[in-house]
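Assemble the whole structure, with the sequences as input and the hints as a guide.
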Amino acid sequence: MHNVWMEQGFDEHRHLEDLMTFLAVARLGRYNAAGEALGVNHSTVSRRIRSLEKAMGGRVLVRTPTGWEVTGLGRQALTTAEEIERALASLAQRSQDGEMKGMIRVAAPDAFSTEFAVPALARLQQQNPGLTVELISATQRVRQNRSGVDLEVVVGKPFVHKAIAVRLMDYELGLYASQDYLDRFGTPQGLPELAGHRINFYIESALRIDDLDRATESLPQCRRGIDSTSVFAHVAATEAGAGIGLLPSYLGEQRPGLRRLLAQEYAHPLSYWAVVREEAMRNPVVAATIDALQSKGAAGIDSRASITEHR
Numbered sequence: 373m374h375n376v377w378m379e380q381g382f383d384e385h386r387h388l389e390d391l392m393t394f395l396a397v398a399r400l401g402r403y404n405a406a407g408e409a410l411g412v413n414h415s416t417v418s419r420r421i422r423s424l425e426k427a428m429g430g431r432v433l434v435r436t437p438t439g440w441e442v443t444g445l446g447r448q449a450l451t452t453a454e455e456i457e458r459a460l461a462s463l464a465q466r467s468q469d470g471e472m473k474g475m476i477r478v479a480a481p482d483a484f485s486t487e488f489a490v491p492a493l494a495r496l497q498q499q500n501p502g503l504t505v506e507l508i509s510a511t512q513r514v515r516q517n518r519s520g521v522d523l524e525v526v527v528g529k530p531f532v533h534k535a536i537a538v539r540l541m542d543y544e545l546g547l548y549a550s551q552d553y554l555d556r557f558g559t560p561q562g563l564p565e566l567a568g569h570r571i572n573f574y575i576e577s578a579l580r581i582d583d584l585d586r587a588t589e590s591l592p593q594c595r596r597g598i599d600s601t602s603v604f605a606h607v608a609a610t611e612a613g614a615g616i617g618l619l620p621s622y623l624g625e626q627r628p629g630l631r632r633l634l635a636q637e638y639a640h641p642l643s644y645w646a647v648v649r650e651e652a653m654r655n656p657v658v659a660a661t662i663d664a665l666q667s668k669g670a671a672g673i674d675s676r677a678s679i680t681e682h683r
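Numbered as in our numbering, the sequence shown ends at 683 without a single skipped number.
No lab work stands behind these hints: they were computed from the structure. Some clues are possibly wrong.
Simulated restraints on C-beta separations [what the hints assert, rightly or not]:
(1) S418 with E455: 22 to 32 Å
(2) P564 with R419: 52 to 62 Å
(3) G558 with T504: 50 to 60 Å
(4) R596 with L388: 44 to 54 Å
(5) T504 with P564: 24 to 34 Å
(6) D552 with L388: 20 to 30 Å
(7) T559 with S415: 52 to 62 Å
(8) G429 with Q499: 39 to 49 Å
(9) A635 with H533: 35 to 45 Å
(10) A635 with E589: 35 to 45 Å
Predicted, not measured: the structure shown is a model, and the values here were computed from it. Quick reminder that beta carbons are idealized off the backbone N, C-alpha and C, glycines included.
Okay, structure coming up:
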């Protein structure tokens, strides 16, 4: 790797800011978000990325529909950037009393983040005051080249290479409606009677999770209610009487104003999985985070945790 740097005339010290900026973009996927995290503007981020690409002699990032992702050449820069970051962080991670210190970065769907990750990580942080947590909300497929987060939570069993997939918890989607909606439009007595009702769910064109996409396959043709990329918008729309919500049961059951419909006929099973790079599993902070998430999931929902490794 270092031969490549030297062939391109790369000075790691001179380009330290470029590398750290690139690392932020790789993790967050957007120049604006990286700039906010670093306290610089968009043009500074762009300038630093161009400087890094000039030094390396090629593109380190490529634009995709979901944001910027790392190229093959960029993965070399990512490795070096993470090594530098770990070296700097290790200076602050030395502890005589066994306390874990440093940074853990987790990407997870918003509902899982709010209901399970935040309480679990808050408790872990209380036990280890030197631990810093960054939680990125993302409902998407697992990335084969996971850029920059220590742990990624996804919906559905992932198929990845050179990574470890850890089952965190099982849950299900159910049909929910407000009493006001049912008073106005009637209560369906079977799945066929859902035809013509409005359904609050994800925007179809933006949905890239196969297990979620299949959730409507057993339903009749329904009208669209309020579609959103946010599950909490689905809940709010359902509470507002905009239609029947296709909601995670752990959210729907918490809302006293919502009533579950046709539970014996419809329940779409799903699961949350954590994806971790093999080398990251050697980090005690990552291992402790997975344990905390599994424990919180088991406490919230009857889950069967298992680990499979895909190489």
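Going through the hints against the structure:
1. For S418 paired with E455, a C-beta distance near 25 Å keeps the hint of 22 to 32 Å intact.
2. Distance hint check for P564 and R419: the Cβ-Cβ separation is about 60 Å, which falls inside the suggested range of 52 to 62 Å.
3. Checking the proposed 50 to 60 Å range against G558 and T504 shows it holds: the Cβ atoms sit about 52 Å from each other.
4. At roughly 50 Å, the beta-carbon separation of R596 and L388 lies within the given 44 to 54 Å, and the hint holds.
5. About 52 Å separates the C-beta atoms of T504 and P564, a value inconsistent with the hinted range of 24 to 34 Å.
6. Distance hint check for D552 and L388: the Cβ-Cβ separation is about 58 Å, which falls outside the suggested range of 20 to 30 Å.
7. A hinted range of 52 to 62 Å for the beta carbons of T559 and S415 is consistent with their spacing of about 57 Å.
8. Distance hint for G429 and Q499: a CB-CB separation of about 46 Å, consistent with the stated range 39 to 49 Å.
9. With their beta carbons about 39 Å apart, A635 and H533 fall inside the hinted range of 35 to 45 Å.
10. At about 18 Å, the CB distance of A635 to E589 disagrees with the hint of 35 to 45 Å.
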